[in-house]
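Colleague: This is what each chain is made of:
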Amino acid sequence: MPKPLRVRYSRIARLVDELLEKYNVHEPPVNVHRIAIGEGHQISYEYLDDEFSGFLLKGTKHFVIGVNRSNAENRQRFTIAHECAHALLHDFDDIHVDKAFKLRSPLSSKAIDVEEIEANTFAAWLLMPERMLRNDLLRWGIDVQSDDSVAELAHAYEVSQQSMAFRIANLLSRLR
Amino acid sequence: MKDDDLYEMLGQEIRRRREALKMRQGDLADLVELSRASVTNIELGKQSVLVDQLYKFADALKVKPADLLPSSPFKSKQPEREALSPKAENWIERVRKSAQ
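Heads up: the sequence lines are chains A and B, in that order. If you're matching positions, the first sequence starts at -17 in this note's numbering and goes up one per residue. If you're matching positions, the second sequence starts at 7 in this note's numbering and goes up one per residue.
Misleading hints may appear alongside valid ones.
[What the hints assert, rightly or not] Cβ-Cβ distance ranges computed for the label pairs, FRET-style: (1) Gln106/B with Arg(-10)/A: 28 to 36 Å; (2) Asp65/B with Asp95/A: 41 to 49 Å; (3) Lys68/B with Arg(-12)/A: 43 to 51 Å; (4) Asn47/B with Ser(-8)/A: 27 to 35 Å; (5) Tyr29/A with Leu75/B: 38 to 46 Å; (6) Glu21/A with Gln18/B: 41 to 49 Å; (7) Pro76/B with Leu(-13)/A: 26 to 34 Å.
No wet-lab data here; the hints were simulated from the structure. Heads up, the beta-carbon is just placed ideally off N, CA and C, and yes, glycines get one too.
Extracted from the complex, chain A is given alone in its bound form:
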């Protein structure tokens, strides 16, 4: 599997939709732990300094997702989703270590590597599915300029406010 040259958005959208359907996810928060386990991955936790968020290790029969338990809960969920993306989309020899990546805009300076952008996109879309979020934005009549509204949504989806803000901005830019 050669490295992707550009971000495969439609493929990512399809994979995310398939997972949401397979695991019958219709409302937030998305149980990413259940999805990862359901996909046959094991999850290993350890308390570490901030040196990295997680890793994906290729075992003989399954993948192991390593999660830095010192990170905030939301961040750990993002890490699991991010590593699931690497397992689905990317090729590597033995282990892929994700250094403490910055959240999470495709514009983030850390997101220079196409594979990392893909994994971050996948994670954002899985944790904040477009249809769900769009409905919430319409139903709640959310004022997206308001920090409180973003905080409320972030809380409901169990993601950081920063990721939610990026995700909403991303959705709105495509609605116009």
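Since the structure of chain A is already known, use the hints to place chain B on it.
Modeller: Leaving out everything else, chain B in the frame of chain A:
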């Protein structure tokens, strides 16, 4: 990295530099006061180099001694992954064993 790798890399750098200067092994041998066979072996990494010889090579090749040496020789064989903290490496090792 093993010692052999260090001398191999040093030898490659000496050869690269010599060729850039369009020098023959014999010319270089005269300048560093070694036999041509020694220079051949050194370039192949089969013969170790004393510190005073390193300075002679550097002089002859018009570089600083450090320029002939690999920058971080003991990491050069593992470009694929940066080293993590011992605790992190230990964790990964445990996970690796359990996943076999």
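Colleague: Does each hint hold? Answer for all of them.
Modeller: Status of the hints after comparison with the structure:
no., hint, in the structure
1, Gln106/B with Arg(-10)/A: 28 to 36 Å, "holds, 32 Å"
2, Asp65/B with Asp95/A: 41 to 49 Å, "holds, 43 Å"
3, Lys68/B with Arg(-12)/A: 43 to 51 Å, "holds, 45 Å"
4, Asn47/B with Ser(-8)/A: 27 to 35 Å, "violated, 58 Å"
5, Tyr29/A with Leu75/B: 38 to 46 Å, "holds, 39 Å"
6, Glu21/A with Gln18/B: 41 to 49 Å, "holds, 46 Å"
7, Pro76/B with Leu(-13)/A: 26 to 34 Å, "holds, 32 Å"
When the structure is compared with the earlier hints, a violation turns up for hint 4 alone.
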